[in-house]
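*Asks:* Sequence:
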Amino acid sequence: MKFKKPNFWDYKKPNLFAYILLPFAYIIKLINFISKKEKIITEKIKTICIGNIYLGGTGKTPITIKINQILNKLNFKTAFVKKKYHDQEDEQKMLSSYGKLFCKNNRINALKDAINEYIDVAIFDDGLQDKIFDYNITFVCFNAQTWIGNSFCIPSGPLREDLKSIKKYDAVFLNGNGENTIEIEDVLKNIKPDLKIFNAEYMPLNIKELDINQNYLAFSGIGNPDTFLKTLKKNNFKIIKTINFPDHYKYSNRDITKIKETAKNLKAKIVTTEKDYYRLNKLNTEGIDFLKIELKITNENQLINFLNKKL
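This note's numbering puts the first residue of the sequence shown at -2, with every later residue one more than the last.
For the record, the hints were derived by calculation from the structure and aren't laboratory data.
The structure displayed is predicted, hence computed values, not measured ones.
Do not rely on the hints blindly, as some may be mistaken.
As the list claims (entries may be wrong) - Distance ranges between label pairs, derived from CB positions:
| no. | residue 1 | residue 2 | range |
| --- | --- | --- | --- |
| 1 | 230 | 31 | 37 to 47 Å |
| 2 | 30 | 258 | 43 to 53 Å |
| 3 | 239 | 10 | 20 to 30 Å |
| 4 | 298 | 208 | 31 to 41 Å |
| 5 | 93 | 280 | 16 to 26 Å |
Unchecked claim - Derived pair list, reagent style DSBU-like, types lysine-lysine, alpha-carbon separation capped at 30 Å:
| no. | residue 1 | residue 2 |
| --- | --- | --- |
| 6 | 227 | 255 |
| 7 | 10 | 161 |
| 8 | 9 | 161 |
| 9 | 109 | 41 |
| 10 | 128 | 1 |
Here a beta-carbon is modelled for each residue, glycine too, at the ideal position from N, C-alpha and C.
With the sequences and hints as input, model every part of the structure.
*Replies:* Laid out in structure tokens, this is it:
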């Protein structure tokens, strides 16, 4: 699915379009409420779900990878679990490069495979809205910059669930580039006073391999391209041209040729995200750099204690 979120979703206040679509948002809420299922309790394996209630671009995949790394250091045998979507092969390839991945057309079968291989902890990348599982730990990821957009639910806004649904989840990650999150934390604490809140900041891992003294054309097809650009600029990249594609966009040879021609005319180098680079697959990637990032958790020791206590 080629999805590019409407600009009005991220307005601080809902506009006319948001209000026009509001009846459809209520219908979707009602359908979700009616379609509640009996939960599956898994005793043979521990489960963690990292998801979001804001559609796209919240940093859940980097957080999934980070939690996997932490649990490995704590001697847990872990694996990623993900529902298979043909337009999300980039995330699947990225996860499999960091650990064992079980990816099936439904999450139940993927989890069964993890159980059969005696995995201690299954880490779900996405799946908060899959009501069939009774996860041991649930994390909700937010982008500190976009937060909850106009605060309305799909299709009036970017939310999969009302913000008040945060009550049923265990913890929150506020991911970003050092934004002040005090106001956001206050809002969350008013909804659920005992909610665990963790902060994380995007940190480049391969910046020494890139020449930041050169001009760059930056392109991406991700849920929140503004965060990628902000990370580049924060690390002194000279971005003279940006090209944004829909989330999970499947690039063609024509796209890459056009990007390279544009960069050549501008006398600029090319940079994209790690996730986009995986999506280029067998296309000609010569001359295309990617920024490898991780989310550095500022209160990581608190997270480790939280994981140990819950698992």
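*Asks:* State for each hint whether it applies.
*Replies:* Taking the hints in turn, this is what the structure says about them:
For residue 230 and residue 31, the Cβ-Cβ distance of about 46 Å falls inside the hinted range of 37 to 47 Å, so the restraint holds. The beta-carbon spacing between residue 30 and residue 258, approximately 51 Å, falls within the hinted interval of 43 to 53 Å. Here the CB-CB span from residue 239 to residue 10 is close to 26 Å, well matched to the stated 20 to 30 Å. At roughly 36 Å, the beta-carbon separation of residue 298 and residue 208 lies within the given 31 to 41 Å, and the hint holds.
Between residue 93 and residue 280 the beta carbons are some 19 Å apart, a value that agrees with the proposed interval 16 to 26 Å. The hinted pair formed by residue 227 and residue 255 meets the criterion: a straight-line CA distance of about 24 Å does not exceed 30 Å. For the given pair, residue 10 sits about 18 Å from residue 161 by alpha-carbon distance, which is consistent with the 30 Å threshold. For the suggested pair residue 9 and residue 161, the alpha carbons sit about 18 Å apart, so the restraint of at most 30 Å is met.
Straight-line distance between C-alpha atoms of residue 109 and residue 41 comes to about 10 Å, which keeps the hinted pair within the 30 Å bound. Between residue 128 and residue 1, the direct Cα distance comes to roughly 26 Å. Compliance with the 30 Å bound is thereby established for this hinted pair.
In this structure, none of the earlier numbered hints is contradicted; all agree with it.
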